[in-house]
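Asks: Below are the chains, spelled out letter by letter.
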Amino acid sequence: MSTVLDNLVSQPYKHGFVTDIESDTAPKGLNEDVIRMISAKKKEPEWLLEFRLQAYRHWLTMEEPKWPNVHYPKIDFQAISYYAAPKAKPKLTSMDEVDPELLRTFEKLGVPMHERAALAGVAVDVIFDSVSVTTTYKEKLAEVGIIFGSISDAVRDHPELVRKYMGSVVPTGDNYYAALNSAVFTDGSFCFIPKGVKCPMELSTYFRINTQDSGQFERTLIIAEEGAKVSYLEGCTAPKFDTNQLHAAVVELVALDDADIKYSTVQNWYAGDENGKGGIYNFVTKRGLCKGVNSKISWTQVETGSAITWKYPSCVLLGDNSIGEFYSVALTNHRQQADTGTKMIHIGKNTKSTIISKGISAGYSNNSYRGLVKIGPRAEGARNFSQCDSMLIGAKSGANTFPYIQVQNPTAKVEHEATTSKIGEDQLFYFQSRGIPTEEAVSMIINGFCKDVFQQLPMEFAVEATKLLGLKLEGSVG
Amino acid sequence: MINKNAKILLEVRDLTATVAGVAILKGINLTVRAGEVHAIMGPNGSGKSTFAKVLAGHPAYSVSGGEVLYQGKDLFALSSDERARAGMFLGFQYPVEIPGVTNSAFLRLAYNTVQVPRGKDDLDPLEFDDLVREKMKLLEMDPGFLSRSINDGFSGGEKKRNEILQMALLEPVLALLDETDSGLDIDALRVVAGGINKLLNADNACVLVTHYQRLLNYITPDHVHVMSAGRIIKSGDKALALQLEERGYDWLLDDKKAGATA
Chain A
1 MSTVLDNLVS
11 QPYKHGFVTD
21 IESDTAPKGL
31 NEDVIRMISA
41 KKKEPEWLLE
51 FRLQAYRHWL
61 TMEEPKWPNV
71 HYPKIDFQAI
81 SYYAAPKAKP
91 KLTSMDEVDP
101 ELLRTFEKLG
111 VPMHERAALA
121 GVAVDVIFDS
131 VSVTTTYKEK
141 LAEVGIIFGS
151 ISDAVRDHPE
161 LVRKYMGSVV
171 PTGDNYYAAL
181 NSAVFTDGSF
191 CFIPKGVKCP
201 MELSTYFRIN
211 TQDSGQFERT
221 LIIAEEGAKV
231 SYLEGCTAPK
241 FDTNQLHAAV
251 VELVALDDAD
261 IKYSTVQNWY
271 AGDENGKGGI
281 YNFVTKRGLC
291 KGVNSKISWT
301 QVETGSAITW
311 KYPSCVLLGD
321 NSIGEFYSVA
331 LTNHRQQADT
341 GTKMIHIGKN
351 TKSTIISKGI
361 SAGYSNNSYR
371 GLVKIGPRAE
381 GARNFSQCDS
391 MLIGAKSGAN
401 TFPYIQVQNP
411 TAKVEHEATT
421 SKIGEDQLFY
431 FQSRGIPTEE
441 AVSMIINGFC
451 KDVFQQLPME
461 FAVEATKLLG
471 LKLEGSVG
Chain B
479 MINKNAKILL
489 EVRDLTATVA
499 GVAILKGINL
509 TVRAGEVHAI
519 MGPNGSGKST
529 FAKVLAGHPA
539 YSVSGGEVLY
549 QGKDLFALSS
559 DERARAGMFL
569 GFQYPVEIPG
579 VTNSAFLRLA
589 YNTVQVPRGK
599 DDLDPLEFDD
609 LVREKMKLLE
619 MDPGFLSRSI
629 NDGFSGGEKK
639 RNEILQMALL
649 EPVLALLDET
659 DSGLDIDALR
669 VVAGGINKLL
679 NADNACVLVT
689 HYQRLLNYIT
699 PDHVHVMSAG
709 RIIKSGDKAL
719 ALQLEERGYD
729 WLLDDKKAGA
739 TA
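Listed in order, the protein sequences are those of chains A and B.
Per our numbering, residue 1 is the first one in the first sequence, and the count goes up by one each step.
Per our numbering, residue 479 is the first one in the second sequence, and the count goes up by one each step.
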């Protein structure tokens with residue numbers, strides 16, 4: 001591989017600073033007492049403590065999944081701290097009360113925390129380590145009946161909703177990391193869009209892990225009632241540490257009749273250095289339930305960070321005529337490993353799903369698409385289209401595609417397409433010989449490759465995603 | 479069009495180059511003046527294409543000796559994209575396919591990157607569309623090709639037309655055309671050669687790398703050079719190309735051997 005290409009794919013991580021802020025961190029280790037402590041600190045109702053303990057007991061009987069195409073040393077779950085919160089004033093009522101150090105952190109990251117400074121009218125819930133620090137536009141959203149804020153607040157203010165839906169899409173014993181999350185989750189976002197309401201602005205959660213050796217276990221729950229519509233964006237960054245940090249989140253989406261949820265992620269967790277030291281282990285369970293007829297859930301993800309990504313945002317298409325979509329760009333560089341994809345479970349009649357996955361691997365990284373399309377016996381007329389494209393940069397990276405297709409209804413129509421291409425010296429030279437510098441050439445090729453996914457992102461985030469891929473691969477921007 | 483007083487665009491002196499440690503060019507000397515058309519001919523493996531790629535700066539080749547002045551300046555001080563912005567153009571023998579990037583976006587970026595520093599307006603997509611459609615008429619190209627990915631699924635002839643379309647857009651000072659005639663049927667050859675002829679004038683120059691005389695029936699060279707084993711072993715005018723067509727290369731190679739042993 002040419003040195004130009006080498007330099008291009010070796011840009012430093014920009015969000016790797018640590019905020020010097022006093023935090024309230026639980027001692028390392030996990031047992032029932034730690035879980036009781038977390039629950040007590042958060043003044044949780046008894047049913048939630050039970051939910052946690054049940055999950056924990058289940059987790060103890062489970063084993064880490066071995067099937068992903070990723071390799072890492074065994075995680076010592078007793079060496080992780082399960083609760084870290086910025087030591088701030090007990091209850092924040094306005095932005096002015098937020099620790100100025102924290103504000104500076106988010107300004108550095110370009111997150112619009114100040115309501116008056118929010119450019120495009122995006123409501124933001126900010127999660128710093130384990131705790132939601134602020135939510136903007138809360139009152140304005142409340143006027144139309146939308147509840148948006150931290151899941152801790154929701155547990156306190158709307159326990160009936162949380163109790164009804166939490167764990168209804170991802171049961172506590174669903175998988176190893178979901179069980180762990182259910183036992184120890186500390187905060188996350190909650191969003192409820194009542195019947196018939198179209199959310200007037202983009203909702204967004206911004207996650208930041210700051211404390212070393214702490215895990216982040218947030219839980220997000222979004223409910224769209226009949227005819228409701230919402231577009232939601234999640235962004236993530238973390239400082240550079242040379243130890244690995246565990247991020248095991250659970251996201252549950254519920255769409256009732258005619259509801260429409262669009263969930264977009266731009267994931268830029270710290271990926272470790274070029275030798276693979278440090279970085280986030282991103283072991284996340286995301287699932288949406290199209291519970292009602294004609295409902296729709298669409299996942300769009302741009303995955304650029306994390307040392308290891310293990311994540312399969314999925315749709316359970318229960319309601320007749322419901323629609324599931326998955327649009328993904330996963331970029332890996334250096335020693336990063338990604339095993340990501342989706343599951344589309346067709347249960348209802350005439351359900352439709354679309355999967356567009358674009359994997360880009362550079363350096364020594366390994367990028368796998370893993371996807372399941374399952375058509376159940378009652379899913380008359382179900383349809384799926386999958387397209388999985390891989391692009392290799394340089395000669396040392398790897399790409400794999402693992403499609404699983406299970407069809408139990410003869411009327412179903414399932415299509416799968418896959419391609420692999422390569423950015424090589426010759427392509428870049430072609431651009432250069434037309435006057436176009438290498439960086440612009442790479443950016444143009446990558447953007448062309450990812451076009452089908454980027455156009456699914458809300459406008460401003462598409463710009464952000466394009467820039468982020470640029471940062472990851474280019475010399476001039478970083 | 480030979481004019482001994484015309485400006486020298488390219489001066490190559492004792493150029494040697496290697497690929498993966500193997501010497502391919504073993505001392506090339508060549509002078510190209512404004513207004514001239516040079517044809518470089520020779521058997522397979524003689525180093526013709528390598529010569530063109532070394533001039534354009536292909537990263538697989540290393541220059542091991544000699545010097546090249548382009549418009550009076552050290553060519554090797556420039557990166558390959560800088561060379562292109564300074565008016566050098568390489569028409570590829572095998573243009574690469576780039577899926578996902580549309581031709582129109584690529585051509586516009588190339589145009590703006592090369593032409594804006596020369597004082598032309600930065601064209602937006604609509605303005606550029608007008609320009610590119612005009613240029614495409616020159617090469618009898620179907621406008622539908624603008625929305626396709628770069629060279630993706632193009633026939634050999636379409637790829638070569640696309641190369642010359644890029645030449646028409648970038649208006650090079652020095653065009654290096656590497657076997658532009660290969661893969662073209664006789665009608666396409668006429669169209670492409672006609673396009674090249676329209677682009678040549680007293681201020682620019684063209685170096686044609688070719689195996690065959692047939693391209694030279696359409697584009698008349700002022701100088702013809704024969705390469706063998708990394709050197710130019712014979713130079714002449716267009717009559718030399720006709721001679722090669724008739725007699726092949728062997729007589730030249732034999733002459734050279736005879737000369738070497740004498």
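Hints were generated in silico from the structure; no laboratory data involved.
Check each hint, because a few of them may be wrong.
[Claimed, not checked] Heads up, simulated SDA-like pairs for lysine to any residue below, C-alpha to C-alpha not over 20 Å straight-line:
1. A:Lys451 / B:Ser582
2. B:Lys716 / B:Trp729
3. A:Lys451 / B:Arg626
4. B:Lys598 / B:Lys551
5. A:Lys229 / A:Gly145
6. A:Lys422 / B:Arg626
7. B:Lys485 / B:Phe632
8. A:Lys396 / B:Ala538
9. A:Lys422 / B:Phe632
10. B:Lys485 / B:Lys551
11. A:Lys422 / B:Arg709
12. B:Lys716 / B:Leu508
13. A:Lys422 / B:Thr580
14. A:Lys451 / B:Pro577
15. B:Lys637 / B:Asn679
16. A:Lys422 / B:Trp729
17. B:Lys504 / B:Asn522
18. A:Lys413 / A:Asp273
19. A:Lys451 / B:Asp630
20. A:Lys451 / B:Ala646
21. A:Lys413 / A:Pro403
22. A:Lys422 / B:Glu575
23. A:Lys422 / B:Lys598
24. A:Lys229 / A:Asn321
25. B:Lys504 / B:Arg709
26. A:Lys352 / A:Lys396
27. A:Lys451 / B:Glu575
28. A:Lys43 / A:Glu160
29. B:Lys482 / B:Leu609
30. A:Lys422 / B:Ala646
31. B:Lys637 / A:Gln427
32. A:Lys451 / B:Val651
33. A:Lys349 / A:Asn294
34. A:Lys451 / B:Lys551
35. B:Lys676 / B:Leu609
36. A:Lys422 / B:Arg511
37. A:Lys164 / A:Val34
Asks: Hint by hint, note whether the structure agrees.
Replies: Hint by hint, here is what the structure shows:
no.: 1; hint: A:Lys451 / B:Ser582; verdict: holds, 15 Å
no.: 2; hint: B:Lys716 / B:Trp729; verdict: holds, 18 Å
no.: 3; hint: A:Lys451 / B:Arg626; verdict: holds, 14 Å
no.: 4; hint: B:Lys598 / B:Lys551; verdict: violated, 24 Å
no.: 5; hint: A:Lys229 / A:Gly145; verdict: holds, 13 Å
no.: 6; hint: A:Lys422 / B:Arg626; verdict: holds, 19 Å
no.: 7; hint: B:Lys485 / B:Phe632; verdict: violated, 38 Å
no.: 8; hint: A:Lys396 / B:Ala538; verdict: holds, 18 Å
no.: 9; hint: A:Lys422 / B:Phe632; verdict: holds, 18 Å
no.: 10; hint: B:Lys485 / B:Lys551; verdict: holds, 13 Å
no.: 11; hint: A:Lys422 / B:Arg709; verdict: violated, 35 Å
no.: 12; hint: B:Lys716 / B:Leu508; verdict: holds, 16 Å
no.: 13; hint: A:Lys422 / B:Thr580; verdict: holds, 17 Å
no.: 14; hint: A:Lys451 / B:Pro577; verdict: holds, 11 Å
no.: 15; hint: B:Lys637 / B:Asn679; verdict: violated, 24 Å
no.: 16; hint: A:Lys422 / B:Trp729; verdict: violated, 44 Å
no.: 17; hint: B:Lys504 / B:Asn522; verdict: holds, 16 Å
no.: 18; hint: A:Lys413 / A:Asp273; verdict: violated, 44 Å
no.: 19; hint: A:Lys451 / B:Asp630; verdict: holds, 16 Å
no.: 20; hint: A:Lys451 / B:Ala646; verdict: violated, 29 Å
no.: 21; hint: A:Lys413 / A:Pro403; verdict: holds, 15 Å
no.: 22; hint: A:Lys422 / B:Glu575; verdict: holds, 10 Å
no.: 23; hint: A:Lys422 / B:Lys598; verdict: violated, 34 Å
no.: 24; hint: A:Lys229 / A:Asn321; verdict: holds, 17 Å
no.: 25; hint: B:Lys504 / B:Arg709; verdict: holds, 6 Å
no.: 26; hint: A:Lys352 / A:Lys396; verdict: violated, 37 Å
no.: 27; hint: A:Lys451 / B:Glu575; verdict: holds, 17 Å
no.: 28; hint: A:Lys43 / A:Glu160; verdict: holds, 16 Å
no.: 29; hint: B:Lys482 / B:Leu609; verdict: violated, 35 Å
no.: 30; hint: A:Lys422 / B:Ala646; verdict: violated, 29 Å
no.: 31; hint: B:Lys637 / A:Gln427; verdict: holds, 14 Å
no.: 32; hint: A:Lys451 / B:Val651; verdict: violated, 35 Å
no.: 33; hint: A:Lys349 / A:Asn294; verdict: holds, 10 Å
no.: 34; hint: A:Lys451 / B:Lys551; verdict: violated, 41 Å
no.: 35; hint: B:Lys676 / B:Leu609; verdict: holds, 16 Å
no.: 36; hint: A:Lys422 / B:Arg511; verdict: violated, 39 Å
no.: 37; hint: A:Lys164 / A:Val34; verdict: violated, 25 Å
In the structure shown, a violation is registered for the earlier hints numbered 4, 7, 11, 15, 16, 18, 20, 23, 26, 29, 30, 32, 34, 36 and 37, in ascending order.
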